[in-house]
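Those protein sequence lines, which keep their order, are chains A and B.
In terms of the working numbering, the first sequence has 330 at position 330, counting the first letter as 1, and numbering is strictly consecutive.
In terms of the working numbering, the second sequence has 42 at position 42, counting the first letter as 1, and numbering is strictly consecutive.
Treat the hints with care, since some could be wrong.
Unchecked claim - Ranges of calculated distance between the beta carbons of each label pair, as one might list FRET restraints: (1) A353/A <-> D152/B: 24 to 30 angstroms; (2) L198/A <-> T214/B: 49 to 55 angstroms; (3) E237/A <-> A427/B: 30 to 36 angstroms; (4) A218/A <-> G172/B: 45 to 51 angstroms; (5) Q493/B <-> R232/A: 29 to 35 angstroms; (6) P466/A <-> E422/B: 37 to 43 angstroms.
Claimed, not checked - With a cut-off of at most 25 angstroms between alpha-carbon atoms, the simulated SDA-like pairs for lysine to any residue come out as follows: (7) K347/B <-> L198/A; (8) K400/B <-> Y455/B; (9) K400/B <-> Q397/A.
What the hints contain is simulated information worked out from the structure, not anything from laboratory work.
From a predicted model like this one, the values you see are computed outputs, not experimental measurements.
Backbone N, C-alpha and C fix where the C-beta goes; we use that ideal spot for every residue, glycine too.
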Amino acid sequence: MSDHSSDGVSGGVATPQETVERALALSEADGCVVIVDEGSTANLRFAGNTLTTNGVARSSRLTVISVVGAGVGVVSRSAVRDGQLADVVAAADRAAREARPSEDARPLVGMDGVGTDAVGTEAAGWDRPVEPTSIDVFGEFAPALGEAFAAADTSGRRLYGFAEHIVTSTFVGSSTGLRLRHDQPTGRLELNAKSADLARSAWTGVATRDFADVDVAALDATLTRRLDWAKRRIDLEPGRYETILPPTAVSDLMIYLYWSSGARDAADGRTVFSRPGGGTRVGERLSPHPISLYSDPAHAGIACTPFVVAHSSGREQSVFDNGLPLGRTEWISDGTLANLVQTRHSAELTGLAATPQIDNLVMEGPAGGRSLEEMVASTERGLLLTCLWYIREVDPQSLLLTGLTRDGVYLVENGEVVGEVNNFRFNESPVDLLGRLTEVGASLPTLPREWGDWFNRAVMPPVRVPDFNMSTVSQAS
Amino acid sequence: MRQIDPDFLALPLRRLADAALQRARDLGAEHASFRLERVRAETLRLFDARLEGSSDADDLGFAVRVIKDGTWGFASGIELTPEAAARAAEEAVRVAAVSAPINREPVGLAPEPVYDDVTWVSAYDVDPFDVPLADKAALLAEWSSGPLGRADHVSASLMQVKEQKFYADSAGTVTTQQRVRLHPVVTAMKTDGDRFDDMRTLAPPVGRGYEYLTGAGWDFPAELAELPDLLDEKLKAPSVEAGRYDLVVDPSNLWLTIHESIGHATELDRALGYEAAYAGTSFATFDQLGSLHYGSPVMNVTGDRTVEHGLATVGWDDEGVAGQSFDIVREGTLVGYQLDRRMALLKGLGRSNGCAFADSPGHVPIQRMANVSLQPAPDGPSTEELISRVERGVYILGDKSWSIDMQRYNFQFTGQRFYRIENGRLAGQLRDVAYQATTTDFWRSMEAVGGPGTYVLGGAFNCGKGQPGQVAPVSHGAPAALFRGVRILNTVQEGGK
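Excised from the complex, chain B in its bound form:
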């Protein structure tokens, strides 16, 4: 079991929290929370096996959030002294005072048990920040050479983050957490006549340590060895004929469709309009909870803040709520939303399911995504069996371009690789493919989901939401799945006149 780094624990966590919370109480705040966090991020970028750039940055500071006269107030600071923490509390109360005259909806919070001085560390073996930069660059250079030397160019990158958070609130909860995540990506590029194209690794970002790059959870050498031939085939592949096709979608592609059309659509803040002017609202409005026919009966979706190696996995969220697992869609029907404490109380839903998150000490926690995953069928088919059920279709792997409207209806996705399916068998790659559908049409057309053997936990490092903009890491598990009669576009024709 890993421990929280001593240098983080050596910061004056409790002393600053006490100063801020006491000052907030003295000024009459109904509720106050203090969060001190350090987010360290290192990025390496190589091009053609040469280090192109690297950065090693951290973000250290604290935040005080209060409710005063039913209005939020927030302030953050960077000077780690009790005096500065108390001043931030005063400033947060002042922000609430300035804001109160234009607040017409008093803020309250759903109840949550008190957690007194508890800690949590994510599941990883090797802290990537303990590995010398030169060693990481050497590994990426090795990956960029070898079989990939056949490509015209190869880019490789590695993003690593260590996030440490201390949280304390006026109810008495005190939590300390540390988690690590990383994302390696290798992309091969090639030109063939007037065409150029690229193809990148399907390895997902993970809540693991450096062991991910050396054999735990993914076979990078095997994947890298396949890329050159796959890219050659893609460059020579025929352009797709636009029309309706049956699709078998690999989890390496489906995770992003889940993220956009289910994950964001079932955020209650969106459904209630809090995100309306920015990322948008949701077609899955609150009045449809328990009745919306979201998808076919084989569709079961959960939100989960507890799954091992998940990018959104935490012990407690940024409002002191314990990580939980909960249903969002059950047998095709909308049965749950992602919540924070304010919204849980506002809609009479009892307890929050722990989806408050802030990406830095300078930002307010907002409702962010749990690991939202499509569940496999316990005795479901393999990917090959799903493909065997298709007479004329397309098999899609890997994510690339994505776009969805502001109520999460109309979407368009592309991918890394597309294979023609003819009479139940793969019949070579296709190019220029995008699939376009409406969320409910798409998920209602899902005829079958694969078994546990097809399930992969994909995800993203940088899901954007909120104003000021925040990024959050999130994983999405998915099995392979079979969809009937989905519209396929030819992207070259779309761009033509």
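In isolation and in its complexed conformation, chain A is listed as follows:
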């Protein structure tokens, strides 16, 4: 086979900052927003006490959003070289000229509108070079994992799991003067231990920004204890059980609730947050407890992008909102639905505040909440879950979700774990659960088991539900 050209690409590769400036200068549209996402990842995957896959990867994505009148054109390309930049910008300009008017069209955000200290700080770092991650991020972690494999071999256990570190640097510039930059490290370790016959299984996981705080030995010790709990097997029938949900399970349910809280869909009568007869349920009490569910870009340990980054418009985001500053936003306040996810456009439709989505989530109950261990110790008879899995929506009107328990359901009697119970399929609504909780414990950083791939910055409490609906038994172990 022969090459069909001597090169096929032309030009060098500019820095992200240079790309933003050049793209803005090339655009002939009325307005323009340019987003550059520079990404790097490193990962290790393992199963049965051995490595299965690994790798490092780099990515670079340019998104040009051109505005002509109320029309918008969005073109996104990866690995754009200098010689291709004009074509990408021209394509976005052309798409904007040919587009029908966008109903979410609003004046582009400028630095005048930003003006907060938080975003100013982001802008101040604009010129710094991108610092990618590499396989070296596992320099201390990989040997510790190797030691855990050796210990598992010795004790007849098998370890499975995944370690990943991602660094994304996002640059947003606009014809209205925006120059915003955010560097987001995202890491996680998922660790799963099984007995040699695979009949017993336990899981734990942590979110991390740099792997420096990951204690593999301590996590492995937790799994060993849980596998020991599972040596006694107790079969239970489907039914409604008093159940303690740990923070990871609560996070998976609350993230789904958050993802379902778009204001436009609620106003259109399509979600659990729609008020019968029209409008939304904002202002309605959802829980008798003073529960707070909120997002805060500055929350310690789970900090995230403090301004809107929207690569395309949709029900819950608008490209016109790019650069809009984000601050602490209460979704549920003192047990009452306080806000829904809004663009500036949907906020005008609903008459509510513009509250765009934010990439972290915190749930807190009353002050003085107990730890998971203390909640177990005070349980006369109930179930203690490890985590939930394969969560899917069954009925949007009630936000009924189905899914399964996984990697350990334990029976608690008189304050002690007395053995492992079979797994269950559940059918429950997280909105309904908020009204039925009998205890909300102390909130902790946690890794969502199911949604951790997409959303891993969460602080959640354990909760007690008096009548969790275990719909059927799952034979899976």
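Given the coordinates of chain A, work out where chain B should sit on it, guided by the hints.
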């Protein structure tokens, strides 16, 4: 016969591959592969016939994968120069070196013939990326109006993907491929008192071109014309009484049950535990190959990477293995798994059946699903004949909610439409239906499959698997089929206290 786009062929494919493979050889790699790909994806979304958002994105880059000292190493890059390709090879070898001390299972690959400079293009007539965005938006707007104007709201979307891949490895295989796929969806929504509901088109995603939207393979105007009345009837339908029913399941629903309970369950990487910490393992363990009573004797399931218009159809997979068709379940018994080269060698199964796939240049190929399909009976009955065999049952069309446990036993599915069957005839729609079963119970309860006239190739654009997460397109063919005594839930009662 369509050709691979010249602008892709104009990229320095061979030069980059040569640089990467040579550097890997120089550094002592036992095996090396180079993959350069471009995935272009365009999405349009309309709400109430107005364009709500569109995106036009591509992903271009290359990947180098090596085996060094029996350990995988992988690195990807975006700078299309020989120097960058060589650096990626060095990085892949370094990743293997870092990883080798914790690898306890040396990697080997099943043998595969060498394919020297071969090309393949999927079956389509009109490249959707050649159609102006405004024309596509206008067609979706037209679909959203007309009869659907009776609904409270109408959403419409169109996803289109063009995937181009160049692959070369140290054994000498060089392949270049291009395929196109698209998925149009129109959903009508309506409120009736305190109830709201929606109903969407059953048209499946396909490995076809834009001609799919203009008459080839699906009659969209006819389907759209029916939706308003069907949705009105659904809103007024009675809630189902929970219990056991005989089911006639339409292919528009059954494809997803096949995907979850057969497709994923017969992936050998799952059965061997490689996916254990994430999506899970499989009840269909390797020791049961050739003996597991998966379903009834009318159950015959194939894996196929060659079927025309299939979403998982390719010329060669991402390990240079030619597309094949193979048996998975024969007359109800498990007889095969989906394989990649490593697993085929590991379990002594001879040749891989070509199920390695990576969804982007930044990802490692992992074992992904072939088009896994339930075969019709050559002289089997029509859907009406299947319904006529049911005294008290439910006929289910269209997919909606789905969930299955991590060993692929316990599942729960809903659908778009449910009809009561009474004494062999349809007797109006039902609401709030979900069916719940165990995989083997369900497939063993399958009494009959329909004939070829009932067969439809359904599928999904975005099947998720692996860590880091990857999405893969896959088709599933199915005839209508009759199941006896399946548990039906009432979803409103499930949510009640």
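Checked hints:
Separation of A353/A from D152/B is about 26 angstroms and conforms to the stated range, judged on CB atoms against 24 to 30 angstroms. For L198/A and T214/B, the hinted distance range of 49 to 55 angstroms is satisfied, since their beta carbons lie about 51 angstroms from each other. Range check, E237/A to A427/B: Cβ separation about 34 angstroms, and the 30 to 36 angstroms hint holds. At about 49 angstroms, the CB distance of A218/A to G172/B agrees with the hint of 45 to 51 angstroms.
Distance hint check: the CB atoms of Q493/B and R232/A are about 34 angstroms apart, consistent with the given range 29 to 35 angstroms. Checked against the hint of 37 to 43 angstroms, the pair P466/A and E422/B passes, with Cβ atoms roughly 40 angstroms apart. The straight-line distance between the Cα atoms of K347/B and L198/A is roughly 19 angstroms, inside the 25 angstroms bound, and the hint therefore holds. Annotation: proposed proximity of K400/B to Y455/B holds, straight-line Cα distance about 20 angstroms (limit 25 angstroms).
Between K400/B and Q397/A the CA atoms are separated by roughly 14 angstroms; this keeps the pair inside 25 angstroms, and the hint holds.
Hint check: no violations occur; every hint is consistent with the structure.
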